[in-house]
Structure formats: structure tokens, C-alpha cells
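Colleague: Residue-level listing of the chains:
There are 2 protein chains.
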Amino acid sequence: MANFELTREFIEELKQLIENKQKDKLKEILDELHAADIAEIYEELTLEEAKYLYFLIDDEDKAADVITELEEDDRQKFLKSLPAEVIAKRFIDNMDSDDAADIISEFDEDRKQEVLSHMEDVNSAGNIVDLLNYEEGTAGSLMAKELIKVKESWDVPTCLRSMRRQASEVDDVYYVYVVDNDGILKGTLSLKKLLIASPKAKIKDIYNSNVISVKADTPSEEVANIMNKYDLVALPVIDEIGRLLGRITIDDVVDVMREEAEKDYQLASGITEDVEASDNVWLLTRARFPWLAIGLAGGIMGSRVISGFMGNLGNHPQMAIFMPLIAAMGGNVGIQSSAIVVQSLASGDMGIETTWKKLLKEFTVAFFNASILSLIIFTYNFIIKSDIALTLTVSVAMFSVVIFASLFGTFIPLLLNRIKIDPAVATGPFITTLNDIVGMFIYLTIAVYFFSIWG
Amino acid sequence: MANFELTREFIEELKQLIENKQKDKLKEILDELHAADIAEIYEELTLEEAKYLYFLIDDEDKAADVITELEEDDRQKFLKSLPAEVIAKRFIDNMDSDDAADIISEFDEDRKQEVLSHMEDVNSAGNIVDLLNYEEGTAGSLMAKELIKVKESWDVPTCLRSMRRQASEVDDVYYVYVVDNDGILKGTLSLKKLLIASPKAKIKDIYNSNVISVKADTPSEEVANIMNKYDLVALPVIDEIGRLLGRITIDDVVDVMREEAEKDYQLASGITEDVEASDNVWLLTRARFPWLAIGLAGGIMGSRVISGFMGNLGNHPQMAIFMPLIAAMGGNVGIQSSAIVVQSLASGDMGIETTWKKLLKEFTVAFFNASILSLIIFTYNFIIKSDIALTLTVSVAMFSVVIFASLFGTFIPLLLNRIKIDPAVATGPFITTLNDIVGMFIYLTIAVYFFSIWG
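Protein chains in written order, with this note's numbering: chain U, 636 to 1090; chain H, 636 to 1090.
Pulled out of the complex, with its shape left as it was, chain U reads as follows:
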């Protein structure tokens, strides 16, 4: 199959077919498409069109997958328009427990109860209820209960027989989990090992006991770092005494990683909600206003700083020439320093140096950059024949501001991380604004000093 690409022409054609109720042609199209493609199409249709199209999907697993793949707000709108019984029997019954729990957790309490009570598979319903208890952002909330479990005391044929029974429940089988009689996780067995094992082999002789697992309350970010570091496609989740609870698959963790990266990027750019270019105007405005308001408040504070030096500016208006430059350089250096710290914290690559050593290193880096930048701006002012007070002011201020902003940009995220606040909030706009203000103050103070001597 060729990879699907959404075009305006395709959507127009589809809307036409829906309007004319050409079921057979539509079913043919739906058959060719993957659930993720159908979900993408849904976002371009009206609710009525989407509903009509949806109930033409014959394959129940695919129908359930489409719901899973929808964006959260589209899904909520869509599900709201359907009775609880349809939701339970057409979707939830056909989903993996982790996807089902995610979707049910979006409902209010009453709807939750109603949907769960309509489920045909009581075992699945129980799994979902279990999963709903885990806090969002933990390994427990990411895991699915479906997995293939074998006992270490079995031999290969017993294992294969049991796996055949269990496999119908599990969508993707990457590993088989080996447990003891108490359900304690002992290790994993790759399907490849099973494939090449002698039929007489005992499970306990061929499984890999050096298995990496996480507890149910491990934070999602740590789960993502572990799966990435050890190149895992599935990670078992255990309880406090080591009993196997479920497994997390890589696709869910990739989503966590994407969201985390997008969130950090957006925070660094001053966007406070998860938005996309295709979102509506209201969402886009709301995501952007808060930071602009903070920037405005910061700017107003900056204007108070400048007002305080009004007399000096009146006497020496040339002071104003380099004011924005120094403020901007403070902002730039601060954002660089904080970005490196935030990213290293996120990926667990901080190294084992102490905070003092980190600050010392940052000071060294800043010292080099500050010296060169300061020299350049000195030379520039020398060439354009600025007066000596201004030349010295700009050079000394540049040096001080770069050093100060670097240390500040390094220290703030480390501090936030220490007190368990996401350091990503400190980058971008916040650091920039603060360094703008401080930079302006440093510059003007130095200016007043030098102009009092040579002015």
C-alpha cells in the first residue's frame, strides 16, 4: 500500500460521497486506509459526516483504533454524541486495556460507570478499573494489562500451548514474561529464543533473568529515558514486591517523549498550552496571551528602571543607544545557559559534577564569550569614535551582563529542579525577561558612573 497523504481534493471527494450516501465506494476507501489515516480524515469532517463514515467501518478492531488515534478534543465531541452502550460494545470492548483506560478517564464519573456497566467482557472491565487507579504521568498509567506470561517451571511445548491460548488477547507480542508461582517477575523470553529452542528445553534454562523493570509509580519521563537508554520495545511493570502488573510498549512511550519535547519547546518559545497550527483562533490566542502578559509586566518593570535614570538620559541621550543591545544580550546568554541545563536534566545527561563545579564551568564558558564580545563592542565603538564614557560603559556592561546572565541561567533551572518544579518553565521568556531588566539596570548604573567621570 502506498502511504496515505491527506489532500483537500480527497476531503472534497469524500464529503461528496458521504452526501450521496455511496456506502460501497466509501467502504472500499475505508478498507484501504489505516486507522491513523481515518482519524486524520475525521478532523476535517463535520460531526454528522464523521458519524456516518464511522459506522461504515466493518473491522471492529480498526473502528476501535480510530477512536484511540483521534485528538482528545475531537474524540470527546464524537463520543459525547453516542450512547454509552455503543461506546462500551463497539469501542472499549475492542481496545487494549491501556487505551480503554485513557479514554474512559476522559469521561465524568456517571458516564464512566455507565460505560463500564455495558461492557461485555468483565475481565477487561476489571483491568480498566485497575488501571484507572494509577496516577497520570506514572508507569502505571502507561501500561497495558495484556501480556503473555509463562511459568519458569514449564518446558517449551507447555509454554507454546499456553501462549497460543493467551495470544488471542494480546495485540503485539514482543516478549514473553516469565514468572514464578507467586507471579513474581523472573525474566523475559524473546520469541526468537523460543523459536530456536529445542522442544525439550526448560523455560528456566533459556530465559533471560537480567531483566529491566519499573515500579508502577515510576514517572513517565523516567520510563521514557530507561526505554530509550536500553533500546527496549516493551518494559514490564511490577509492584512493590516484584509481582508482574503489566507492560509498557514503545509506541506509548514515544508519545510521552514527543509530548515532553513539544512542551519544552513550547515553554522555551513562550507558549503555555499544547497547540498546533491547525487549532482554532481562540485556542491559539489563549496559549499565547499569558506569556505576553508576563513579558509586558517585565517590560513595564524595565521601563521603571529606565525612568529612574531619566535625569541622566536627559543629559546624555547617547546612553540610550546601546540600552536595547545590552538587554538583548543578557536575554540571549540566559536562554542559552538555561536551555543546556534543562535539556541535560530532561535526558538524564547531567553528568556527576557538583552544582559548584557546574557553575564554575559555566563561569569559564561565560568568561570567554564575555571577553570576546566585550572586545568586539569596544573595537566597534573605537572605530565609530563614540565618546570614551559610552565606549567604556558598553564594554564593561557587556562583560558583566554576559557573566551574570550565564550564571543566573544555569542556577535557576538547577534550583527549580532541586525543589521539584519542572525547570523547563524557567527557560525562554522567563529568563529572557528577567535578564532584560537586570541587564538594563547594570548598564545604566555603569553608564552613570562613567559619565560622571568623563561626561
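All clues given are correct.
Same chains, same names: a pair is fine if it fits in one copy or spans any two.
Below, computed lysine-lysine pairings styled on BS3-like, alpha-carbon distance capped at 25 Å:
no.	residue 1	residue 2
1	K996	K712
2	K650	K993
3	K656	K715
4	K821	K697
5	K686	K697
6	K724	K662
7	K864	K898
8	K786	K821
9	K686	K864
10	K662	K864
11	K650	K864
12	K828	K697
13	K996	K898
14	K839	K662
15	K784	K828
16	K650	K996
17	K662	K821
18	K697	K839
19	K835	K786
20	K712	K864
21	K712	K697
22	K660	K686
23	K697	K660
24	K786	K828
25	K821	K837
26	K686	K650
Hints were generated in silico from the structure; no laboratory data involved.
Model the placement of chain H on the given structure of chain U, informed by the hints.
Modeller: Same frame as chain U, now just chain H:
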């Protein structure tokens, strides 16, 4: 096994053991650790210590994995100190073809030849040479040649027998690929399907023909988006006429995604090279200086703009009070707009609107934000009893600059993307600096106008 955490104490202890050459104790420690952990430790050791430790690893696959997991610069330093024959026989022979090709591609031509000529497995050497031909950043450069291939004409037992033979070559088996007699990819067969299939079944009746694949020249970002969208753990790569060439596994794509996200984040923060907090001072300085130099150049241009208004500033120094505020707001709005476009382009969520519609939407968002911000700053100036010329200047300039910076921030990355330049270079510092300058110019021009009336 508990998850490993690198501590200063552990490294000190290890260095002690290496110094005292306590082989048995060290082997015991190495046995307990995963390759990724050993790679992490390496970065904290001297080259001599690392070499000593390295040759204590008994398991050849693990030894090869450690090399794969090292950071590129550490790996190069380490491999440089070893003869080509050791590299070929101890590492390259024991690696998957994609990892081997990645590492060999880091060598110069002579060393490449020398290492390849020392390889024992000619078939592997051939695979590596094939892979070296694909351009970096394409599907071909990400794929491994190792995979399990069966013919659609076979029955299940024939398939299982062949798989047993092939499996010893392949590390992780997620899918079996079904091809016809010409090697054309027909579909995939999940191990789960094979597990539950009747022994009499024919492959052609049980495989999934609706398979997603990519051509060898598909860009890595697209590969990542496809694997993410369709939740795939492995993706087959085909040539122009559909013959199966290899497969890409999710772990390699997760690395691509991480790198891409980190690069975008760093560009947005003004960092020009991939650095971590644990890198050395020289690398950190080098990664940060280029943007600071550009920021400085932008700032100097800004200072020229202000110099041009020196006469006006001399007469009305209060103009200077809000100059940095307006410049900063232009920068902030611009970075927000460009960040949303860059991120949506990267994740393929741009929607199907035309460029004009996107700009119109951006204009609407900007209009709301501009109106509110303008009103707030007007009210503020009214309350602090600023003179009328300054009040009007700041309010009108705020409105104009926010609108201008939004459109500019949206348009530039769309334009860069159209002409095939990575739009991420446009975000962050670049947009900020440009909007700083333009913002200052707009502000001062409006100021001159209003002060000429009410001044």
C-alpha cells in the same frame, strides 16, 4: 536487576579496582551491567582505564554493544587507540549491519578499507558496504540488512524451519517479511499469527498484505513520522521496484526523533551545536558564540536605528523609557508564531489550509493579542500620567509591532520550508533579533510623529 544509577562513589571505587587490577571483581561488576550502563561509565574514565575495563568483557555481543552506545567523540578516541584487526573482529563482526555501518562511516577512507578487509564474515562486510552507499538522513542509512524473510508460497512448517535458520543472525524479531520469488515485498506476518496458525496453513493465506513501507531515499524525519503515526516497531525499506532491502527498527527512529527535537530546541535557544551540560568548556563556548555574535551584530544594527533618532531622543528623553519594552514584545510574539509553525511542520500537523488562510488566521490571533496588550499599556500610561504623546506612541506601536511580528514569525518559517531550508533555523534568536530591530524602528517612527504634534 535494579536499574543502574551512576554515582561519583561508584566511579571512585571502580577506578580503585582498575588501579589494583582486580580482574575478578571487575568482571563480576561488568556481568551485572547492561551495555548502555558500561558506556555511561566509560565517559568518566581515562582512555587507559577504559581500555583495561573494556577487554575484561567476556560476552562479545555485549562488548560490541558498548561501542555502539558510546557518544561519538568518546568512541572515536577509543577506536583510534586500537588496531584495525581488533576493531573488525571484536566489534564490527558482532554488530548489526546498521550499527556497524554507522561506526565505519566515522573512519577515514584508509581505515575503512583496513577494517573491512579484516572482517571474518564476508557476507556482513558486503552488507556494510551496501549500507555505506546510502546518504545520511535517509531511510537507507537507518536500516539494517538483518531480517527474517519467508516466501508467500510456503506453508507454516517450512516457514518455521527457515526462520530457525535465519533467526540466529537477527537480534530482535518483531515481524517476518513475506516476499515473492523475485524478492518483492508482499506483506508481513506477525510472530503472534504464526504462533496461533494451524500447521497446515499456507503463508499466503495468513499474512497481512496491507503493509506500510518506505523507499530507501525517504528522509529520516518522514520515517519517524510514519512509524509514530502508525505505531510501528519495525518498518520495511524497499527499492524502486518494491524489492525488500532491509528494515528500520523503532530504537533507531527514537534516536532520530530525540536528536531532531533537541536540535530544534537548541536552535530556538540559540545553540548551534549538539552539546550537553557535561561537555567540555571549549565545546560549550563554541556552540554558543556564533549566535551571540549574530545577536551582537543585530544589536549594533539596532543601535544604528536609535542613533538615527538621537536628535529626537535629546529633545524628548522619555521616548527611551518604553523602547526596550516594544522591542522585547516584538521578539516574544515573533518567537511564539514561528515556534508553532516550526513544530507543526516537524510533526506533519500543518492541516490542509493554504498559506493565505494560515496568515489570515495568524492575523486574527495577533489582532486579539495586540488589542488587549495595547489597551493594557494605554491604561498603565494613563494611570501613571505619562504625557499624551508618549501614551499614544506606546499604544499604537505595541499594536503595530505585535501584528507585524506575528505575520513575520509565521511567514518566514513557511517560506524557508518552501525553499527546503530547515525552518527551525528561523526560530528563536534569528526572529527575535530581527523583530527587535524592526520593533525599535516602528516605535521610534511613531514616536517622532506623535511628539511632533503634542511634543
